[in-house]
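Asks: Sequence:
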Amino acid sequence: MFRNARFFRLDTAFSIDAQGLEDALATRRFRPCGPLEAATLGWAGPLGDDGQVLVHGVGDCYLVCARKQERLLPSAAVSEALDERIAEIESGESRSVGRTERRRLRDQIITEMMPRAFTRSRRTFAYIDTQANRLVVDASSDKRAEEVVSVLRETLGSLPAKPPAPAVAPEALMTRWLLEQDAPPDFVPADACELRDIQEGSVVRCSGQDLASEEILNHLRAGKQVTRLALEWDDRLRFVLGSDLGLTRLQLADSVLDELEDGEDPAARLDAEFALIALQLRELLARLDALFALAGEGGAATGVAA
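Count along the sequence shown from 1, then add 2; that gives the number in the working numbering.
FYI, nobody ran anything at the bench for these hints, they're computed from the structure.
Check the hints yourself; a few may be wrong.
Lysine to any residue pairs mimicking SDA-like chemistry, simulated, CA-CA at most 25 Å apart [said to hold, decoys possible]:
1) K145 <-> D237
2) K70 <-> E86
3) K70 <-> R104
4) K164 <-> M116
5) K145 <-> E114
6) K70 <-> R31
7) K70 <-> M3
8) K145 <-> L247
9) K70 <-> T229
10) K145 <-> T250
11) K70 <-> M116
12) K164 <-> R289
13) K70 <-> A269
14) K164 <-> D184
15) K145 <-> N135
16) K70 <-> Q21
17) K164 <-> A269
18) K70 <-> A167
19) K164 <-> N135
20) K70 <-> A119
21) K164 <-> D62
22) K145 <-> R284
23) K70 <-> S123
24) K145 <-> R198
25) K70 <-> E114
26) K70 <-> R198
27) K164 <-> T132
28) K164 <-> L247
From just these sequences and the hints, can you work out the full model?
Replies: In structure tokens:
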């Protein structure tokens, strides 16, 4: 569960209980695309298609799942059909097809082809931590995370969720961690990073490499900054931290996974996994609050925490 984590601060306490959230999400339950719909987005059961429950509560956290279905209509297929239609008109009627008519024909072709297009579904998990006042989305990009936040806001009527606004630039702090080798003791750089020249835009991506090597240090001395850094936190979580403070390639450490008991039924194991990841992320995100002085979080402005 949760290979990525994009987190949002809730400005006010989340006051809706599990049943109230369930009732609200039920008003926008997922449904498949209609014949002429390019995409639909709604709420599905986080425990799988067999479950009707839309909210799975564990402790102070509510797990939900947004499901999006899209019709796959390749632009190349549309363009080919459009070219054929235009060629028929121009040869049959001995006239040129103008820009306005071309747009109309394109819309007509899309309407004709849409019902026959294949569909693809994608599920995105998220949870609301009512104790820490955060929304966490399992998304590898801001765009996908914002899509889930937007549909949740529309479903609930309002949701004061804001992305992190660090007072300490993540690129500068992560660069210093490698260049001066002074990362906090609970954050251990792993073997992967992305270095970017802010002025020229050039990018160096490293994987499976000693980040304390002279090759990496020379890039940093030349002015490149760290925009993605693989880290291990407190022997509990491994992840890649981005300059937007998004977490990708998120993994629980073996020492944490050992807490899961073998032989549990699927529902009990999901509860246990979700409880583990939610607890670890709650503590990790609190640590990031302090390091990067997130707006309204009371973090240290220097970016150095004990």
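Asks: All the hints need checking, so say for each whether the structure fits it.
Replies: Quick rundown of the hints versus the structure:
1. About 30 Å separates the Cα atoms of K145 and D237, which puts this hinted pair outside 25 Å; it is violated.
2. Distance check on the hinted pair: K70 and E86 sit about 32 Å apart at the alpha-carbon level, beyond 25 Å; violated.
3. Simply put, K70 and R104 have alpha-carbon atoms about 31 Å apart, too far for the 25 Å limit, and the pair is violated.
4. For the given pair, K164 sits about 36 Å from M116 by alpha-carbon distance, which is inconsistent with the 25 Å threshold.
5. A C-alpha spacing of about 30 Å is found between K145 and E114, which places the hinted pair above 25 Å, so the restraint is violated.
6. At most 25 Å may separate the alpha-carbon atoms for a hinted pair to count; K70 and R31 meet this at roughly 11 Å.
7. Only pairs whose Cα atoms come within 25 Å are accepted, and K70 paired with M3 is accepted, the gap being roughly 18 Å.
8. At most 25 Å may separate the alpha-carbon atoms for a hinted pair to count; K145 and L247 meet this at roughly 14 Å.
9. Among the hinted pairs, K70 with T229 is inconsistent with the structure: their alpha-carbon atoms are about 30 Å apart, more than 25 Å.
10. Our distance criterion of 25 Å between C-alpha atoms is met by K145 and T250, whose separation comes to about 14 Å.
11. Between K70 and M116 the CA atoms are separated by roughly 17 Å; this keeps the pair inside 25 Å, and the hint holds.
12. Pair hint K164 plus R289 holds up; C-alpha atoms about 18 Å apart against a cutoff of 25 Å.
13. Distance hint between K70 and A269 is fulfilled; the C-alpha atoms sit about 24 Å from each other, no more than 25 Å.
14. Proximity of K164 to D184 is assessed by CA-CA distance (about 30 Å); at most 25 Å being required, the pair is judged violated.
15. Between K145 and N135 the alpha-carbon distance is near 22 Å, which keeps this suggested pair within the 25 Å criterion.
16. Taking the CA atoms of K70 and Q21, the gap is about 23 Å. The hint holds against a cut of 25 Å.
17. In summary, the hint linking K164 to A269 is not supported, as the alpha carbons are separated by about 32 Å, beyond the 25 Å threshold.
18. A threshold of 25 Å between alpha carbons decides the hint, and for K70 with A167 the separation of about 28 Å lies outside it, so the pair is violated.
19. A threshold of 25 Å between alpha carbons decides the hint, and for K164 with N135 the separation of about 11 Å falls inside it, so the pair holds.
20. For the given pair, K70 sits about 16 Å from A119 by alpha-carbon distance, which is consistent with the 25 Å threshold.
21. Simply put, K164 and D62 have alpha-carbon atoms about 20 Å apart, close enough for the 25 Å limit, and the pair holds.
22. Restraint check for K145 and R284: satisfied, since their Cα atoms lie roughly 23 Å apart, inside the 25 Å limit.
23. As the CA atoms of K70 and S123 are separated by approximately 6 Å, the hinted pair is consistent with the 25 Å bound.
24. Taking the CA atoms of K145 and R198, the gap is near 21 Å; set against the 25 Å cutoff, the hint holds.
25. For the hint pairing K70 with E114, the CA-to-CA distance comes to about 22 Å; that is within 25 Å, so the pair holds.
26. A distance of roughly 33 Å separates the Cα atoms of K70 and R198; the hinted pair therefore is violated under the 25 Å criterion.
27. At roughly 15 Å between alpha-carbon atoms, K164 and T132 fall within 25 Å of each other, so this suggested pair holds.
28. Proposed proximity of K164 and L247 is supported: the alpha carbons are some 13 Å apart, at most 25 Å.
Figure legend: structure checked against the earlier numbered hints; hints not met, in rising order: 1, 2, 3, 4, 5, 9, 14, 17, 18 and 26.
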